[in-house]
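Using the sequences provided together with the hints, build the complete structure.
There are 2 protein chains.
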Amino acid sequence: MIKTPHLSADGIIKLYDKNENYQGLILIQRLNPPHGLALPGGFVDIGESVEDALVREMKEEVNLDVEIESLLGIYSDPKRDPRFHTATAVYVCKAYCTPRSGDDAKEVFIYKDDELPFDKLVFDHEKILKDYLSVL
Amino acid sequence: MIKTPHLSADGIIKLYDKNENYQGLILIQRLNPPHGLALPGGFVDIGESVEDALVREMKEEVNLDVEIESLLGIYSDPKRDPRFHTATAVYVCKAYCTPRSGDDAKEVFIYKDDELPFDKLVFDHEKILKDYLSVL
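Each protein sequence line maps, in turn, to chains A and B.
Numbered continuously in the working numbering, the first sequence closes out at residue 143.
Numbered continuously in the working numbering, the second sequence closes out at residue 143.
Fair warning: there could be bad hints in the mix.
Each pair may be met inside one copy or between any two copies, as identical chains are not told apart.
What the hints assert, rightly or not - Straight-line distance between alpha carbons at most 25 angstroms, and here's what the computed DSS-like set of lysine-lysine pairs gives:
1) K119 x K86
2) K86 x K21
3) K113 x K10
4) K10 x K66
5) K86 x K10
6) K119 x K10
7) K137 x K25
8) K101 x K86
9) K25 x K127
10) K25 x K10
For the record, the hints were derived by calculation from the structure and aren't laboratory data.
Pasting the structure below:
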């Protein structure tokens, strides 16, 4: 029986208004442990591609239809998730309209790039967002 | 109980001799089904990062110490592996010296980029290698 780490997908969502004005990045207040702020994301289902999982999770958690722009990376440090070993594929994506919380997202926030609350982020999302900002 | 696709790591190994002359890309003849030519790779263990799994598998299958250069992508089409749903992280890497088969690799081959035997490749490795060549 082959056992591998759990696989998830997380989104760095760049939110724009209808006039293409950049509004900021989306973070959620998690409903389930670990509690804190996080990028929206979730586990990949068997029978679903990672990209499809990302699009589905963004719809479920923040009610946004996202367009994937690029794969930022895979984060798989065995200690990054306090629950069990999870490897996550992080995608940079774009969305319009207003996010609304659902599923595991208790609340949704929009942050300007230079106002990101790094000390309130769970998992390794501080590292992920710093990696993202460093390659902008 | 959360179930997600199996996670593996595959390597596109650019082989060089000691004088930095490019020799070609490495493919293996698989010992286990599905039989055919493939990129070297294998499953990620729980407690191991994807990059560590890649380095370990390259050592086990073709006896090379690889240096990872970049992440080409994640391939996760549910039908890409005939056994079960596997998502694979594909890394471009560099190695020196002579490969030697081991583990799941029955035999090792070195192919020039313009002589790759696309019709003999298993899984979605034809697509992966074409993606790699298209971004060179």
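Here is what the structure says about each hint:
With identical chains, the CA atoms of K119 and K86 are never at most 25 angstroms apart, being 28 angstroms at best within one copy and 40 angstroms at best between copies. Taking identical chains as interchangeable, the C-alpha atoms of K86 and K21 are never at most 25 angstroms apart, the minima being 27 angstroms within one chain and 31 angstroms between chains. In this homomeric assembly, K113 and K10 come within 25 angstroms of each other (Cα to Cα) only across copies, at 24 angstroms, whereas the closest approach inside a single copy is 32 angstroms. In this assembly of identical chains, K10 and K66 lie within 25 angstroms of each other by CA distance solely across copies; the values are 20 angstroms between and 29 angstroms within a copy.
Within a single copy, K86 and K10 get their C-alpha atoms as close as 17 angstroms, and across copies as close as 19 angstroms, so both meet the 25 angstroms cut-off. Neither within a single protomer nor between protomers do K119 and K10 lie at most 25 angstroms apart by alpha-carbon distance, with minima of 40 angstroms and 35 angstroms respectively. In the homo-oligomer, the alpha carbons of K137 and K25 never lie at most 25 angstroms apart, since the shortest distance is 27 angstroms inside one protomer and 37 angstroms across protomers. With identical chains, the CA atoms of K101 and K86 are never at most 25 angstroms apart, being 29 angstroms at best within one copy and 28 angstroms at best between copies.
Taking CA atoms no more than 25 angstroms apart as the test, K25 paired with K127 passes in neither setting, with 30 angstroms inside one copy and 49 angstroms between copies. Proximity of K25 and K10 under a CA criterion of 25 angstroms is satisfied in neither setting, with 45 angstroms inside one chain copy and 38 angstroms between copies.
Checked against the numbered hints given earlier, this structure breaks hints 1, 2, 6, 7, 8, 9 and 10; the rest are met.
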